[in-house]
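Q: Taking the hints into account, I'd like the entire structure generated from these sequences.
The residues making up each chain are set out below.
4 protein chains.
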Amino acid sequence: MEENDSSNLNNDLGLGSKATAGNFRTLNHDGTFNVRKINVPFYERVNFFHSLITMSWLRFFVLVVLGYLFINTLFASIYVAIGVEHLTGVQKASEMGKFMEAFFFSAQTITTLGYGRVAPVGMAANVVAAIESMLGLLTFALATGLLYGRFSKPNAKIKFSNQALVAPYRGINGFMFRLINPQDNQLMEVEVTLSVSMKRENSTLRDFHLLDLERSKVVFFTTVWTVVHPINEESPLYGLTEETALKKDLEFFVMIKAFDESFSQTVYSRTSYKAQEMEWGEKFLYTIKQEKKGIIVDVDLLSQTEKAPLN
Amino acid sequence: MEENDSSNLNNDLGLGSKATAGNFRTLNHDGTFNVRKINVPFYERVNFFHSLITMSWLRFFVLVVLGYLFINTLFASIYVAIGVEHLTGVQKASEMGKFMEAFFFSAQTITTLGYGRVAPVGMAANVVAAIESMLGLLTFALATGLLYGRFSKPNAKIKFSNQALVAPYRGINGFMFRLINPQDNQLMEVEVTLSVSMKRENSTLRDFHLLDLERSKVVFFTTVWTVVHPINEESPLYGLTEETALKKDLEFFVMIKAFDESFSQTVYSRTSYKAQEMEWGEKFLYTIKQEKKGIIVDVDLLSQTEKAPLN
Amino acid sequence: MEENDSSNLNNDLGLGSKATAGNFRTLNHDGTFNVRKINVPFYERVNFFHSLITMSWLRFFVLVVLGYLFINTLFASIYVAIGVEHLTGVQKASEMGKFMEAFFFSAQTITTLGYGRVAPVGMAANVVAAIESMLGLLTFALATGLLYGRFSKPNAKIKFSNQALVAPYRGINGFMFRLINPQDNQLMEVEVTLSVSMKRENSTLRDFHLLDLERSKVVFFTTVWTVVHPINEESPLYGLTEETALKKDLEFFVMIKAFDESFSQTVYSRTSYKAQEMEWGEKFLYTIKQEKKGIIVDVDLLSQTEKAPLN
Amino acid sequence: MEENDSSNLNNDLGLGSKATAGNFRTLNHDGTFNVRKINVPFYERVNFFHSLITMSWLRFFVLVVLGYLFINTLFASIYVAIGVEHLTGVQKASEMGKFMEAFFFSAQTITTLGYGRVAPVGMAANVVAAIESMLGLLTFALATGLLYGRFSKPNAKIKFSNQALVAPYRGINGFMFRLINPQDNQLMEVEVTLSVSMKRENSTLRDFHLLDLERSKVVFFTTVWTVVHPINEESPLYGLTEETALKKDLEFFVMIKAFDESFSQTVYSRTSYKAQEMEWGEKFLYTIKQEKKGIIVDVDLLSQTEKAPLN
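Chains as they are written, first to last, in my numbering: chain A, 72 to 382; chain B, 72 to 382; chain C, 72 to 382; chain D, 72 to 382.
Source of the hints: derived by calculation from the structure; they are not laboratory data. Each statement offered as a hint is correct.
One copy or any two copies: either way a pair holds, since identical chains are not told apart in the list.
Each computed EDC-like pair below joins lysine to aspartate or glutamate, with the alpha-carbon atoms no more than 20 Å apart:
id: 1; residue 1: K270; residue 2: E314
id: 2; residue 1: K345; residue 2: E362
id: 3; residue 1: K228; residue 2: D331
id: 4; residue 1: K318; residue 2: D278
id: 5; residue 1: K319; residue 2: E362
id: 6; residue 1: K228; residue 2: E115
id: 7; residue 1: K224; residue 2: E332
id: 8; residue 1: K89; residue 2: E377
id: 9; residue 1: K360; residue 2: D255
A: Structure below.
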């Protein structure tokens, strides 16, 4: 996308010829990019919502628990500073005991539990408790909103075949990979975009090509979809061999766009294949069995292949 | 969608020729598919949100109640293990009575009700109660989020005529079915896609055809819509009779896409017709009455027909 | 949309020629349709969410309050049936007094307030209270979810000129109306669709026509937009006069589609003009003043016109 | 968009020739417009949700706190009017002391905290408390809903280069600017629309032109995107010099549309460049470094340029 990239006019991927020079993988299997931005000011870079919604569940829960501990410790300290004598029912024990009573009182306040065995008396303690309960409602609303947001976030867990194949296809050969939706949620109007990048002859710069597909969109995506790029004379893969593919360090970019019916939202999924993940002269095994009452898909066979001499 | 399907290049449904071989119904009336996936690892298959949002209301409530009982039983056991003497106000009754007091204390804690007649005293009971109240806020947030998510989930309850007709249409014949939105929510920009699959001559394989429609999109969908495929010479239905339609085991796939104004979301609806659900030489009764002040649609007449000799 | 409508092939509005016969208005100013569906079974017709989200605020609050009263009355009766002696702190007053104590205890339970002055003792009262508090969390989640859903529902309150004009336009005449977004939220990529229905000569049936617009889409919608249909020789309005327009009972259908940036959602707005709401030989006053620092739009002038002799 | 704008037929921006006459900036850097609407009735103008969701965080919190104080003051007054003797546990202190007890009791009621040290006795106090707790649930639901709505609102914080350049480009010159997404959330299918407005010769009226781009859409937006309008003979910028650009008071309108993957929503971003923000004969520095393992983008260089003699 830099102005220096004077070729690749038909590269609409948004990845530059020069930027991707080298042998590293640009797009990872899991759909993330090997791109890092430096010198971004904190206030421009940070997106709390994005971080909190995408972090691991473990990390999220640790954060919630730490936040809960921190806020209760903070308020307990305030109650202790005011004096626990302004909390009814506090058992006059050790200093530590008093702090713990204040801590548990804080927990009962911030969750709006309010047993009342311990309750604030007098101005100062009441003011702090009134603030804490309001704050508790607001912060727990954020925490629970994020919890539900994470839980209800659409994630098209599309499963791709481990490898891409070059297999015989209608008298010529085709570049192929397969995908399946392992979940029960229905994906509608699924579109696939396939591109390839390869090194130029005697150069580290890369050229990008959009690859034509036998079929790039399906209305329903209920079984297995074998995406096929026919390697005809117009194909940028035409004439390549296993050896030259490795030499040119091919990287295939796969993008899936679909409408997820359970979530009523558009979802995206990405993956990539490098030259070393291509198998030449293999074809995919058939994954579907018919029964009297319907179609059965054996997902185990998704990446299973058998020999198939190329044309 | 398998690579072996070398025909049907214009089949964009996402259902393969070989996969659908046989006489079973591929798409059910209610829009689900007769497709089952096997050998999918649990962690790939499972989508808790999808399951919880689509299960029946009865099942959802049973799950919520069971979860509530389970979690209170669990925490009651913990309080009993700690010793109910650390809960104030517990009436020293039988073992069972103690457990029930702990159980109800747990319920009052997890809902953040906190009457306080029974309240925790001492470190252990207080720690457990503090954890339980936080956990209660989080789990109830999930439960109530799902409840509202289920309640507010757009579901275009489009009602289709029970049968499809072959009726006279503009000098030739047409394949027709009708639909209506029985609810008061407004559907906008409604699109319909109609396809058919039929067995090949002397083969179990199936061919798919997209069928041209007299009109495939309407801006408003306020009354009844009769979807018409004109059976002209280009139609794959051209020349078929009631008998050959049954022999070729025709299955029609209907997909509706619309924007639901109440929910501000895109919704989909699907149904199918098999050859035995076609009526030949019938036409639909007119469902609309005009009054002085507006249009009245008699939904009862949706599937009502009368004789109409074919051309 | 009935099969009987053999004309109007280019009518994509979804309103039939025969269905709209008569002089009533099909589309109201406020965007609702004069269509009523009869004989729809309750379970097909009802959409609680739609009803609750679109009813008036007054009605919604009355419903919430009635629900609150009902559920507390119900639970109060149960507590009274169990015996108020199982509630601590109940003042042994009259029967009515006991009921009221039970009622308020119920209110404190269902809101998870739980002061504890009155608290359940014994199995039966505790079980009911545990159920009520859980139920309270669930039902209040629905109520508050709906409250927020109503509050955050996008509603493009686009304001249309009271009348449509036939005004001179580029040497010919044009059919015009104006619209403005009176709110501060930004609408993007605004599209307008304009259609007209008119009675056929010597018939009650109606023909529909989509009208070409000088411009049907704008990227930004920041000021006033005058939508113009040029009445050239291709226009179905060509040759019409004020008198014939009334005789043919013209009804113009306006649909606006836009992306509302505040709500990040697509919104629709509709209105209509009948022949008697057309003014012939008038043009709109200019509504925009420039200041040194920006544009000022005088919304008061939206429907203001002045004489302009027709071509 | 006024009917008086008889030129600019291809101006789909929605900004009129006459409306934008003058030297002020129409679109600000931050994407807001210099448009003000007057004489809009309050009930048409107001959109509480929009205001509450877009105001600054400081203002939002001040509003929430003021609301909390107000509502508690109101209810405290009611409890005092009823008589604090109907609240148990109130310490019979000064008038002020009684009011404060009522205030804190109100806070404990509206947050559904309900310690119970102070609790209502008798009809009147109980009725008010039952109302307050229900109201509390509803109003806090609005407040917390808005809090989460603000937090989870998608905002594409796209960063634009400070200046636009006229730089050599493929034998001719090009108009260029750069953009980057400083955050880690992935933007997909990013589209850019570039328009320019300029004063007519000897007139204050303005003409609008949509500018062709070398590339107007990218699938991924992971690094830096240099948007280029080639100044060829078809370009409305053809033949302009730095001097004439200032004289014609050029204003460039940039609109970005993208799909934000974290939020699963479509987002828009806008900015503008005036003639005085153009640099002639400069080109952007290259911002990307390759490492062994990926691409590194130095965001600091976004607006850095170097001399580049024009063609």
